[in-house]
Amino acid sequence: MRLSELHTGQTGRIIKILGHGAFRKRMIEMGFVRGQEIKVVLAAPLRDPVKYEIMGYEVSLRRSEADLVEVEQIASEQPETSHARHERTINVALIGNPNCGKTSLFNIASGAHEHVGNYSGVTVDAKMGHLTHKGYSINLVDLPGTYSLASYSPEELYVRRYLKNETPDVIVNVVDASNIERNLYLTTELIDMDRSMVIALNMYDELESEGIKLDFKTLGQMIGVPIVPTTAKTGRGVGELLDTVVRVYEEQDPAVRHVHVHLGHDVEAALTDIKDCLKAHPAVSRHFSPRFMAIKLLEGDAEVMEEIRRLPDGAGILELRDKKIKEFEKIHPGDDLTAVIADEKYGFITGALAETVDRSNERDRDNTTRLIDTIVTNKLFGFPIFLTVMAFTFWATFTLGSYPMEWIETLVGWLGGLCRDYLPDGWLKDLVADGIIGGVGGVIVFLPNILILYLCISFMEDSGYMARAAFIMDKIMHRLGLHGKSFIPLVMGFGCTVPSIMATRSIESRSSRIITILINPFISCSARIPIYVLLVGTFFPAHSTLVFITLY
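Note that the sequence shown covers residues 1 to 552 in the numbering used here.
Read the hints as simulated data drawn from the structure, not as lab findings. None of the values given here were measured: they were computed from a predicted structure. For glycine and all other residues, C-beta sits at the position ideal for the given N, C-alpha and C. Each hint should be verified, as a subset may be incorrect.
[As the list claims (entries may be wrong)] Pairs of lysine-lysine, BS3-like flavour, derived with a Cα cap of 25 Å: (1) Lys279 with Lys164; (2) Lys379 with Lys475; (3) Lys39 with Lys16; (4) Lys217 with Lys134; (5) Lys275 with Lys323; (6) Lys279 with Lys326; (7) Lys213 with Lys233; (8) Lys51 with Lys39.
[To be verified] Derived Cβ-Cβ restraints for the label pairs, each shown as a range: (9) Gln10 with Pro530: 56 to 64 Å; (10) Trp414 with Thr377: 47 to 55 Å; (11) Cys496 with Asp266: 48 to 56 Å; (12) Ser458 with Trp414: 26 to 34 Å; (13) Cys496 with Arg26: 49 to 57 Å; (14) Asp266 with Ala354: 22 to 30 Å; (15) Asn179 with Asp48: 44 to 52 Å; (16) Lys475 with Asp322: 35 to 43 Å; (17) Thr350 with Asp322: 25 to 33 Å; (18) Ala342 with Gly31: 39 to 47 Å; (19) Lys475 with Gly264: 34 to 42 Å; (20) Arg528 with Gly264: 54 to 62 Å; (21) Thr89 with Gly264: 38 to 46 Å; (22) Asp215 with Asn179: 17 to 25 Å.
Make a model of the complete structure from these sequences and hints.
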């Protein structure tokens, strides 16, 4: 629990300071160290600030500051026992690129069963899980997949705001071992944040199958973050990952150290001046390190710039930022500062991997995926295959679904006949036979159609065809003023409009997202299937499949 949650007269034992930079250093100097007892003396009339007693003296903290101190409550009538350890909670956030296996890792660790898809943005909100490990209660949060911590897409904003507002104890950065260089870019941004972190090197079996050897222990020591190989689909390494999370939380892992990703002499010179200005504002560095904030200022991050603008001397800091950018542009004419920062980070990643990756026995990658891509996205075969897949989906929905429909109709008719035969005439008979059985039967008779349609859509998602369909439909979507990703929510609209509109959050462009939302209600969702079935079955029984797909 947090220190701010203790009531007047209650006593707690300090576990950890969650803040960063100058704030954390000042709190430690004041005696807020692990194991120290602290008592709530009284709160101000407006409940803020609060006076505490620690190490024989009294100190006042604002609730926002007390919220960054984790404690365990001590019952007044008994001393600390081993049971207190079992009540300790570790808040863990899973962060990684889309499709890195993050949600699969979340499922196998927490026992939850979240949807896993083969396209970017399937995780569009935080999912909560819970588990216990070695006497600790671990709250696991699966955050949306993101490639960076900028303020460009909704996923990036969501993740960064979560890290700011919730301050998880440990971050588990899930990295795709088969695409480690690109995935580690997000890692460098988390390193800039100066947070407690563990890297889960997921899909490690794929790296091994390619004959590539990675000295992950040395790599972890180089970047100051412990690395644990995992394979989410089999559960390999999950136990060791949780052990490492506990060690990092207890500040006992030898690999943990803070490193700076060097961004070049000129960029570092600009960063130092801005960082020194930010250090004068403890509220700025309470959640993120001054270095991270300074980098985002140089990159022109809109949300960080707005936060700095609200400071008393925010205008001066922004003027300094503009001055440093002009000085950099004068030294490096034609160079984009954001691109230079990204290049330096990728250079850091490349250098670290060059010393830890052995590709001498690398085997050719499996060409199955490339072969499938070549066929299903071919300019000659792509659209015919797509139309065939969609036609099969609708044929299966209508034709195959007709058999269980008949069975359900027969069952409903039989139950209704029983009620009419054995119940006495009156309102009860009409209610049960015609109202309940007849009404419910009229709805569930279309359940097979809906289930088959959902089954086909799920198969397309999990097989990876949905992503390829979005690829071949991109140009058509652009002619409608949409992004290729818009096709995914539109296809999901065949199942239900509500989740399809929710899925539009994976679209970065705000205009494309809004247009997709407005178009979605015109997609034939499953609620319209009964109407289509009725019309097709009544007027076009001989050409049901053709008419059904034409209606769509």
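Quick rundown of the hints versus the structure:
no., hint, result
1, Lys279 with Lys164, "holds (17 Å)"
2, Lys379 with Lys475, "holds (12 Å)"
3, Lys39 with Lys16, "holds (16 Å)"
4, Lys217 with Lys134, "holds (23 Å)"
5, Lys275 with Lys323, "holds (14 Å)"
6, Lys279 with Lys326, "holds (23 Å)"
7, Lys213 with Lys233, "holds (21 Å)"
8, Lys51 with Lys39, "holds (9 Å)"
9, Gln10 with Pro530: 56 to 64 Å, "holds (60 Å)"
10, Trp414 with Thr377: 47 to 55 Å, "holds (50 Å)"
11, Cys496 with Asp266: 48 to 56 Å, "holds (53 Å)"
12, Ser458 with Trp414: 26 to 34 Å, "holds (32 Å)"
13, Cys496 with Arg26: 49 to 57 Å, "holds (52 Å)"
14, Asp266 with Ala354: 22 to 30 Å, "holds (24 Å)"
15, Asn179 with Asp48: 44 to 52 Å, "holds (47 Å)"
16, Lys475 with Asp322: 35 to 43 Å, "holds (40 Å)"
17, Thr350 with Asp322: 25 to 33 Å, "holds (31 Å)"
18, Ala342 with Gly31: 39 to 47 Å, "holds (42 Å)"
19, Lys475 with Gly264: 34 to 42 Å, "holds (39 Å)"
20, Arg528 with Gly264: 54 to 62 Å, "holds (58 Å)"
21, Thr89 with Gly264: 38 to 46 Å, "holds (41 Å)"
22, Asp215 with Asn179: 17 to 25 Å, "holds (18 Å)"
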